[in-house]
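Undergrad: Protein chains in written order, with this note's numbering: chain A, 5 to 264; chain B, 5 to 264.
Rather than coming from a laboratory, the hints here were simulated on the basis of the structure.
Careful, some of the hints might be misleading.
No copy is singled out in the list; a pair is fine if it fits within one copy or between any two copies.
[Said to hold, decoys possible] Subject to a maximum C-alpha distance of 27 Å in a straight line, what follows is the list of computed BS3-like cross-link-like pairs (lysine-lysine): (1) Lys88 with Lys144; (2) Lys246 with Lys222; (3) Lys63 with Lys233; (4) Lys246 with Lys229; (5) Lys206 with Lys221; (6) Lys63 with Lys222; (7) Lys217 with Lys206; (8) Lys238 with Lys107; (9) Lys88 with Lys206; (10) Lys233 with Lys168; (11) Lys206 with Lys171; (12) Lys59 with Lys244; (13) Lys171 with Lys264; (14) Lys168 with Lys59; (15) Lys171 with Lys238; (16) Lys206 with Lys229; (17) Lys59 with Lys107; (18) Lys48 with Lys59; (19) Lys160 with Lys88; (20) Lys107 with Lys168; (21) Lys88 with Lys229; (22) Lys144 with Lys217; (23) Lys244 with Lys171; (24) Lys246 with Lys168; (25) Lys168 with Lys238; (26) Lys222 with Lys171; (27) Lys171 with Lys221; (28) Lys48 with Lys217; (29) Lys18 with Lys88; (30) Lys63 with Lys244.
The primary structure of each chain is shown beneath.
Protein chains: 2
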Amino acid sequence: MNIPIFRLNNKMLKITLIGSGNLGTQLGLSLVKNGYQVVQVFSKSIESAITLAEKLNSKATNDLNQLIDTDLAIIAVNDDNILKVSQLVHFPQVHTSGTVSMKDLNQNYPVGVFYPLQTFSKNTNVTFDEIPICIEASNKSFLHQIEEIANGVSNKVYIMNEEKRGKLHLSAVIACNFSNLMYQCANEICDDNDIPFEILHKLILETAQKIEKSSPKKAQTGPAKRVDKTTINKHLEQLKDKAELLEIYNILTNNIINRK
Amino acid sequence: MNIPIFRLNNKMLKITLIGSGNLGTQLGLSLVKNGYQVVQVFSKSIESAITLAEKLNSKATNDLNQLIDTDLAIIAVNDDNILKVSQLVHFPQVHTSGTVSMKDLNQNYPVGVFYPLQTFSKNTNVTFDEIPICIEASNKSFLHQIEEIANGVSNKVYIMNEEKRGKLHLSAVIACNFSNLMYQCANEICDDNDIPFEILHKLILETAQKIEKSSPKKAQTGPAKRVDKTTINKHLEQLKDKAELLEIYNILTNNIINRK
Numbered sequence: 005m006n007i008p009i010f011r012l013n014n015k016m017l018k019i020t021l022i023g024s025g026n027l028g029t030q031l032g033l034s035l036v037k038n039g040y041q042v043v044q045v046f047s048k049s050i051e052s053a054i055t056l057a058e059k060l061n062s063k064a065t066n067d068l069n070q071l072i073d074t075d076l077a078i079i080a081v082n083d084d085n086i087l088k089v090s091q092l093v094h095f096p097q098v099h100t101s102g103t104v105s106m107k108d109l110n111q112n113y114p115v116g117v118f119y120p121l122q123t124f125s126k127n128t129n130v131t132f133d134e135i136p137i138c139i140e141a142s143n144k145s146f147l148h149q150i151e152e153i154a155n156g157v158s159n160k161v162y163i164m165n166e167e168k169r170g171k172l173h174l175s176a177v178i179a180c181n182f183s184n185l186m187y188q189c190a191n192e193i194c195d196d197n198d199i200p201f202e203i204l205h206k207l208i209l210e211t212a213q214k215i216e217k218s219s220p221k222k223a224q225t226g227p228a229k230r231v232d233k234t235t236i237n238k239h240l241e242q243l244k245d246k247a248e249l250l251e252i253y254n255i256l257t258n259n260i261i262n263r264k
Numbered sequence: 005m006n007i008p009i010f011r012l013n014n015k016m017l018k019i020t021l022i023g024s025g026n027l028g029t030q031l032g033l034s035l036v037k038n039g040y041q042v043v044q045v046f047s048k049s050i051e052s053a054i055t056l057a058e059k060l061n062s063k064a065t066n067d068l069n070q071l072i073d074t075d076l077a078i079i080a081v082n083d084d085n086i087l088k089v090s091q092l093v094h095f096p097q098v099h100t101s102g103t104v105s106m107k108d109l110n111q112n113y114p115v116g117v118f119y120p121l122q123t124f125s126k127n128t129n130v131t132f133d134e135i136p137i138c139i140e141a142s143n144k145s146f147l148h149q150i151e152e153i154a155n156g157v158s159n160k161v162y163i164m165n166e167e168k169r170g171k172l173h174l175s176a177v178i179a180c181n182f183s184n185l186m187y188q189c190a191n192e193i194c195d196d197n198d199i200p201f202e203i204l205h206k207l208i209l210e211t212a213q214k215i216e217k218s219s220p221k222k223a224q225t226g227p228a229k230r231v232d233k234t235t236i237n238k239h240l241e242q243l244k245d246k247a248e249l250l251e252i253y254n255i256l257t258n259n260i261i262n263r264k
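In isolation and in its complexed conformation, chain A is listed as follows:
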């Protein structure tokens, strides 16, 4: 026999969305799709606020003094503006940053962090289901509230304090922004030599997929891993007129060799 479970339904919560950039847009769409009510959207640009508010069946404003009190403000603005915006939000609130402290938020109210670990594009709709969301809150009952909202949009919710979140953000910069720089360097060499960069697409994807089954340490291949000095010297010779790339090649190759 199935026993029906009654519990507080957080989908009755009223949410204010502050910021209509890539993250604000995608998060707003995902919240509404999952049955949450976004009451008001703020953006510095009223046009931008209206565009998003219309999609969310919500009100729009470009004046922080006109915010309607709700159960939760999600402050999805640039890191540099979080402190200043927060002082004008007079109800419970979270920011969405990987690096800003929860202590920078208005301490007169419950505060927290709701950090989705992903890069968002405004016009590419994403499903939040698989996007990890790291949360933190100034008190337990507020944490549970945030957790339930996070669970409502994602299957991967992690409770994580500020220090760990900072380390995770650092890891993400290294794993993603720096990898993308490597793609950019490779693209440059291809362009210089009239080689279509798309030749590398499959290998790049395979490299990224490999570490889901094996650790990056075990998955490593190539001349540095094999300490194949003949090939390494050929590469250094090819880069002799590219000082910056040569420096990167040297340091990363030596780092791989030193890790053996």
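Using the hints provided, position chain B relative to the given structure of chain A.
TA: For chain B alone, kept in the frame of chain A given last:
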């Protein structure tokens, strides 16, 4: 009205496979699957030669003086052994290396290169269909022969001279081995801080997929791209006890900033 086209069917060609490592194994399986005949498999280890030969319905040997003449030897051995092996192959031949010159092969016969741009694992069967194969040959008719075999196993065949192939190999090392090193560095920070590395999997995959639609230059995000010095300084502070990582962080961050 359809006019039947008759052409030389290269699938009648007899092939010798020299090397039963990851590449040799996967290439052999793909050739046979696509209707080519592998007559003989050589490996230093007779057990290894027999294991692969059985899968390919082929003969096995561990003695290069016992090679049966065929239309084509595919020399899929370590770069350092290509020259020495080639001198004992007395019929047309290609090697599979990204960095070795075609001139290192036995010049008494037609020679060429058959370089599949991918990392192979011996026990993970791959479909060659989408793997780019870069080919080169010492004469036109041999090039056509190699091209037809390459087209038989892959949809992406590129005719490419030695210089370009070397640049492509360098690009692949930068785009893949160095990216994998970035994953490894991120993994290390996660482990040190008791953060499950799998949190980053989706973001890493997304970063690799993004450049199929957009150039890496346009796809770049993060603190270095935004010249967000507050975040960069936080990261440098977090790495102050990790000299090697700190050096990598500094150089790659400055490189991204300089590219703006």
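Undergrad: Decide, hint by hint, whether the structure agrees.
TA: Outcome of the hint check:
{"no.": "1", "hint": "Lys88 with Lys144", "in the structure": "within (25 Å within a copy, 70 Å between copies)"}
{"no.": "2", "hint": "Lys246 with Lys222", "in the structure": "between (31 Å within a copy, 22 Å between copies)"}
{"no.": "3", "hint": "Lys63 with Lys233", "in the structure": "neither (64 Å within a copy, 35 Å between copies)"}
{"no.": "4", "hint": "Lys246 with Lys229", "in the structure": "both (23 Å within a copy, 21 Å between copies)"}
{"no.": "5", "hint": "Lys206 with Lys221", "in the structure": "both (20 Å within a copy, 18 Å between copies)"}
{"no.": "6", "hint": "Lys63 with Lys222", "in the structure": "neither (52 Å within a copy, 33 Å between copies)"}
{"no.": "7", "hint": "Lys217 with Lys206", "in the structure": "both (17 Å within a copy, 13 Å between copies)"}
{"no.": "8", "hint": "Lys238 with Lys107", "in the structure": "between (52 Å within a copy, 16 Å between copies)"}
{"no.": "9", "hint": "Lys88 with Lys206", "in the structure": "neither (45 Å within a copy, 32 Å between copies)"}
{"no.": "10", "hint": "Lys233 with Lys168", "in the structure": "between (39 Å within a copy, 20 Å between copies)"}
{"no.": "11", "hint": "Lys206 with Lys171", "in the structure": "between (30 Å within a copy, 17 Å between copies)"}
{"no.": "12", "hint": "Lys59 with Lys244", "in the structure": "neither (54 Å within a copy, 46 Å between copies)"}
{"no.": "13", "hint": "Lys171 with Lys264", "in the structure": "both (24 Å within a copy, 26 Å between copies)"}
{"no.": "14", "hint": "Lys168 with Lys59", "in the structure": "neither (35 Å within a copy, 50 Å between copies)"}
{"no.": "15", "hint": "Lys171 with Lys238", "in the structure": "between (37 Å within a copy, 10 Å between copies)"}
{"no.": "16", "hint": "Lys206 with Lys229", "in the structure": "both (21 Å within a copy, 26 Å between copies)"}
{"no.": "17", "hint": "Lys59 with Lys107", "in the structure": "neither (32 Å within a copy, 64 Å between copies)"}
{"no.": "18", "hint": "Lys48 with Lys59", "in the structure": "within (18 Å within a copy, 66 Å between copies)"}
{"no.": "19", "hint": "Lys160 with Lys88", "in the structure": "neither (30 Å within a copy, 54 Å between copies)"}
{"no.": "20", "hint": "Lys107 with Lys168", "in the structure": "within (15 Å within a copy, 54 Å between copies)"}
{"no.": "21", "hint": "Lys88 with Lys229", "in the structure": "between (49 Å within a copy, 23 Å between copies)"}
{"no.": "22", "hint": "Lys144 with Lys217", "in the structure": "neither (36 Å within a copy, 43 Å between copies)"}
{"no.": "23", "hint": "Lys244 with Lys171", "in the structure": "between (35 Å within a copy, 13 Å between copies)"}
{"no.": "24", "hint": "Lys246 with Lys168", "in the structure": "between (38 Å within a copy, 17 Å between copies)"}
{"no.": "25", "hint": "Lys168 with Lys238", "in the structure": "between (41 Å within a copy, 13 Å between copies)"}
{"no.": "26", "hint": "Lys222 with Lys171", "in the structure": "both (23 Å within a copy, 26 Å between copies)"}
{"no.": "27", "hint": "Lys171 with Lys221", "in the structure": "both (19 Å within a copy, 25 Å between copies)"}
{"no.": "28", "hint": "Lys48 with Lys217", "in the structure": "neither (44 Å within a copy, 30 Å between copies)"}
{"no.": "29", "hint": "Lys18 with Lys88", "in the structure": "within (23 Å within a copy, 74 Å between copies)"}
{"no.": "30", "hint": "Lys63 with Lys244", "in the structure": "neither (59 Å within a copy, 47 Å between copies)"}
Violated hints for the displayed structure, listed by number in ascending order: 3, 6, 9, 12, 14, 17, 19, 22, 28 and 30.
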